[in-house]
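Novice: The lines below spell out each chain.
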Amino acid sequence: MENKLIAELVKIVGKTNVLTTPEDLAVYGYDGTFQEARPDVVVLPENTQQISEVVRLAATRRTPIVPRGMGSGLAAGSVPLPAGGMVLALTRMNHILEIDEQNATVHAEAGVVTAELQAAVEKHGLFYPPDPSSIRHSTIGGNVACNAGGPRCLKYGVTGDYVLGLTVVLADGRILKTGGKPIKDVTGYDLNGLFTGSEGTLGIVSEVLLRLVAKPRFAKTALAEFASLDSASRTVNAILTAGIVPASLELMDQTAIRCIEEAMHLGLNTAVEAALIIETDGTDETTVQREIEACVRICQSSQGVSVKMAQNEAERSALWKARRSMAPALARLAPNKLGEDITVPRSAIPEVVQRLRQISAKYGLPVVIFGHAGDGNLHPNILFDKRQAEQWARVEQMVAEIFAAALAVGGTLSGEHGVGVLKRPYLERALGAASLDIQRSIKQALDPLNILNPGKIFPN
Amino acid sequence: METLPNIEKPAESEYLNCIRCGLCLAVCPTYQVSLKEAAGPRGRVALARKGLEGQLELSQNLAEQMNACFACLACNDICPVGIHPAELTLAMRHVQEQIRPAGWKQTLFGGLIPHPGRMEAYTLPLRLYQRSGLRKLLYLLGATRLLPRRLRDLEAMLPHLPQRPLRQVLPERVEARGQERYRVGFFLGCAQNLLFAEESAATVRVLQRNGCTVLTPKDTQCCGMPARGYGRLDLVREQAKHNIALFEQAGVEVIVTDCATCGSTLKEYGSFFQGDAAWEARAAAFSAQVRDVSEFLAAIPLEKPQGRIEARVTYHDPCHLRRGQKVWQQPRQLLGMIDGLEFVELPEADWCCGSAGSQLITHYETSVKVMERKMDNLAGTGASIIASGCPGCQMQLNTAVRRRGLEVEVVHPITLLDQAYEVKNGK
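Chains as they are written, first to last, in the working numbering: chain S, 1 to 460; chain G, 1 to 427.
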């Protein structure tokens with residue numbers, strides 16, 4: 001990258017916030033996937049004003065900007081394009097600006113780690129529910145940019161359901177503030193909704209204003225094991241149609257159980273075909289207890305071979321730690337994994353699970369199935385060895401079939417990871433031509449020079 | 001891609017298996033204080049891979065990213081795939097020394113540190129500085145305030161030094177009080193010998209009181225951790241062989257040390273000789289005998305201390321004890337035996353103190369930031385004593401406490417136990 005641009009960047013953000021060594025560039029070229037490309041420069045801004053000036057500069061130079069948090073994304077959304085450009089990493093904007101107990105809101109910079117934001121608001125008796133598995137190694141800005149979910153979203157909703165306002169730097173450097181503390185707001189279009197999940201392609205989210213709820217005081221967790229994956233997935237619907245809304249309702253298949261057991265030694269039964277982790281929570285202990293007991297009874301009457309409740313906080317947190325380690329722990333089984341993120345209407349879970357197993361059998365590569373079954377969001381993970389070209393070819397066909405299966409039952413490509421680079425080829429089939437056309441127009445209106453995370457979301 | 005065919009390299013799986021999930025960033029002290037990818041385990045693993053595969057030059061800057069790791073082992077513990085980024089950075093330092101050896105390392109780690117006699121001679125001026133009253137005088141005059149902050153911090157690391165190194169005064173064999181129940185070898189580490197002799201004397205007294213005959217071979221060499229930290233695995237192996245042979249002749253059941261770093265390294269000897277037919281089994285047998293003093297004491301019946309210590313005490317987990325040896329409950333158990341002592345848990349007790357051997361000297365800014373977080377936590381406990389069984393941690397904590405102006409005493413847990421046994425000294 002030319003020295004003049006570097007010098008100007010240094011003027012804006014300071015010398016220690018501009019990285020140019022080959023070593024620094026190499027490590028900002030990846031995220032949580034196997035995609036990789038080297039940027040030309042890495043900039044670590046410290047406030048919104050600096051981002052605005054950096055974007056203005058980039059716009060005059062037509063330099064592509066790839067916004068990035070902690071790089072834990074699973075769709076290659078923060079991986080630079082092979083053509084390079086600038087990575088704008090927001091990790092150093094990590095201050096919580098205000099916790100408003102009266103209005104139950106938190107105002108934070110985009111680089112705050114989500115778990116740290118949660119811990120901070122919980123000290124005030126408040127609660128920020130979305131809990132992606134990457135909660136300790138992803139930023140709130142990244143969560144907004146991908147509209148992150150997590151197990152608790154079944155009862156509480158996803159990141160976007162908590163966004164009250166955003167500070168966004170637009171493609172020409174202007175600073176836009178959307179929304180505000182009022183809970184209801186129909187003054188104009190819903191710009192919070194527009195920028196949430198836009199993966200840094202429409203603007204750079206630099207600050208977030210989030211709605212909080214009262215912290216639930218009690219939680220009860222049960223583990224139910226099933227002889228067949230089919231009966232486990234049917235049980236999910238039995239629970240939800242019984243009028244209970246658990247906080248979380250997670251499904252794991254046998255490979256997933258074995259993998260967790262190997263990594264964590266929790267004493268799980270590896271002979272069963274599937275297991276559900278069910279959690280109820282609330283502010284009234286007897287209700288929470290009654291609901292979990294109702295779930296346990298439904299599991300027992302749905303051919304659950306063993307249903308156990310966590311006896312204490314240690315057992316409960318061990319279960320959740322295991323669940324959060326699920327995706328990365330799969331790497332113990334094969335050199336590579338490709339984790340998908342399909343979401344289907346929940347009544348279709350048994351059918352889509354069947355189809356996933358057929359796809360696995362047809363192509364001869366293992367597909368591990370786990371996910372947030374309660375809201376229909378499954379993470380089928382294909383295990384393979386990328387160094388074998390022939391396996392990679394099979395994986396690509398399998399991905400296409402997995403997406404086709406999801407769409408066939410009325411589902412969608414991604415529940416919480418986003419499109420990034422990896423799901424681009426399938427977007428048109430999922431959205432239809434009209435929707436894609438409108439979305440391109442929005443992109444064109446907000447980023448006419450195409451410098452904000454170019455090459456993401458939209459097919460070529 | 002296979003490059004550098006003629007040198008010893010880390011196992012491929014240690015970098016190929018990284019899936020870049022980023023979980024390690026949540027626990028890495030150097031990442032947390034810099035918020036920069038290259039300063040975290042995932043970045044270091046990527047750089048090691050690119051360096052070894054030839055995509056990046058094995059440059060000085062790449063080597064520096066490996067040297068900047070505090071080797072606190074937190075990433076090893078959290079990695080869901082089971083690779084060991086901290087070990088990888090040590091292995092990469094070894095790669096660097098094989099490609100571009102630094103002469104001074106040979107002098108320091110080959111010529112000086114393994115020889116206790118030379119170490120004792122070279123540190124004599126430090127003892128004189130304290131014993132002559134010069135240090136007291138400087139403190140009295142407030143003269144240390146004239147030093148630049150960095151030098152003042154280094155000066156503050158020095159504990160109250162012994163008149164003579166323990167090696168020169170401790171008998172080679174100390175008989176058990178009463179009936180001998182165990183015959184224990186004592187590995188007297190360099191820092192304990194030179195800087196914390198009174199603590200190790202206390203360790204021997206406590207062992208002796210609990211039925212141990214303590215044999216302390218005087219010819220031990222450095223455990224090897226300093227050389228390992230600076231990439232000289234070859235020198236580590238020489239020192240290890242010397243120590244293994246020495247203790248084989250001592251005829252003891254266990255080998256006890258009161259230094260967390262020595263203990264962690266001695267327990268790793270087995271892994272340093274994998275595939276070496278002559279030494280692998282001997283090293284593994286040696287490592288299997290090694291116990292941290294708190295680990296050993298917590299496993300045997302102990303006499304109940306009669307003295308009281310009326311103080312609020314907290315405990316800092318040395319990385320090389322908690323993660324290196326999985327020993328963390330035992331020191332707390334020992335402190336719990338002491339009447340009057342009010343134990344209060346330190347928040348983030350296992351967060352690295354920032355010492356990491358010589359990082360306060362080589363990576364001052366980072367080290368200070370890491371230790372400041374420790375001090376924030378310490379200040380909140382209201383403790384008047386912080387215990388920690390590692391000389392490196394103790395020196396760092398001494399510096400940090402003085403910087404912050406806290407009225408907190410830094411001790412080895414065994415010192416408190418010893419005080420409670422020696423009733424006359426009990427407060």
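Think of the hints as simulated: they come from the structure by calculation, not from any bench.
Please read these numbers as outputs of a predicted model, since none were measured by experiment.
Yeah, the Cβ is synthetic: ideal placement off N, Cα and C, and Gly gets one too.
Keep in mind that a hint or two might mislead.
As the list claims (entries may be wrong) - Partner residues are not named here, just some residues of chain G that face chain S (Cβ under 8 Å, in silico):
no. : residue
1   : Asn17
2   : Ile19
3   : Arg20
4   : Ala26
5   : Val33
6   : Glu37
7   : Gly43
8   : Leu56
9   : Gln65
10  : Pro80
11  : Leu112
12  : Ala277
13  : Trp279
14  : Arg282
Novice: Evaluate each hint against the coordinates.
Specialist: Taking the hints in turn, this is what the structure says about them:
For Asn17 (chain G), the interface hint holds, since its Cβ comes within 8 Å of a Cβ in chain S; the closest pair sits about 6 Å apart. The beta carbon of Ile19 (chain G) is positioned within 8 Å of a beta carbon in chain S (closest approach about 4 Å), and the interface hint is therefore held. About 5 Å separates the beta-carbon of Arg20 (chain G) from the nearest beta-carbon of chain S, less than 8 Å, and the hint is met. Interface hint at Ala26 (chain G): satisfied, since its Cβ lies 4 Å from the closest Cβ of chain S, which is below the 8 Å cut-off.
The criterion of a C-beta within 8 Å of any C-beta in chain S is not met by Val33 (chain G), whose closest approach is roughly 11 Å, and the hint is violated. Evaluation of the Glu37 (chain G) hint against chain S yields a held restraint, the C-beta minimum of about 4 Å falling below 8 Å. With 8 Å as the threshold, the beta carbon of Gly43 (chain G) comes within range of chain S, its nearest partner Cβ sitting at about 4 Å, so the hint holds. Annotation: Leu56 (chain G) was flagged as interfacial toward chain S, and the flag holds, the nearest CB pair being 6 Å apart, inside 8 Å.
Hint on Gln65 (chain G) holds. Least Cβ distance to chain S is approximately 6 Å, under the 8 Å limit. Because the closest C-beta pair between Pro80 (chain G) and chain S is about 4 Å apart, less than 8 Å, the hint holds. Taking 8 Å as the C-beta contact cut-off toward chain S, the hint placing Leu112 (chain G) at the interface is violated, the least distance being around 32 Å. Taking 8 Å as the C-beta cut-off, the interface hint given for Ala277 (chain G) is violated, the closest approach to chain S being about 31 Å.
With its C-beta approaching chain S no nearer than about 31 Å, Trp279 (chain G) sits outside the 8 Å limit, and its interface hint is violated. Because the beta carbon of Arg282 (chain G) sits about 31 Å from the nearest beta carbon in chain S, more than 8 Å, this interface hint is broken.
Consistency note: the structure conflicts with the earlier hints numbered 5, 11, 12, 13 and 14.
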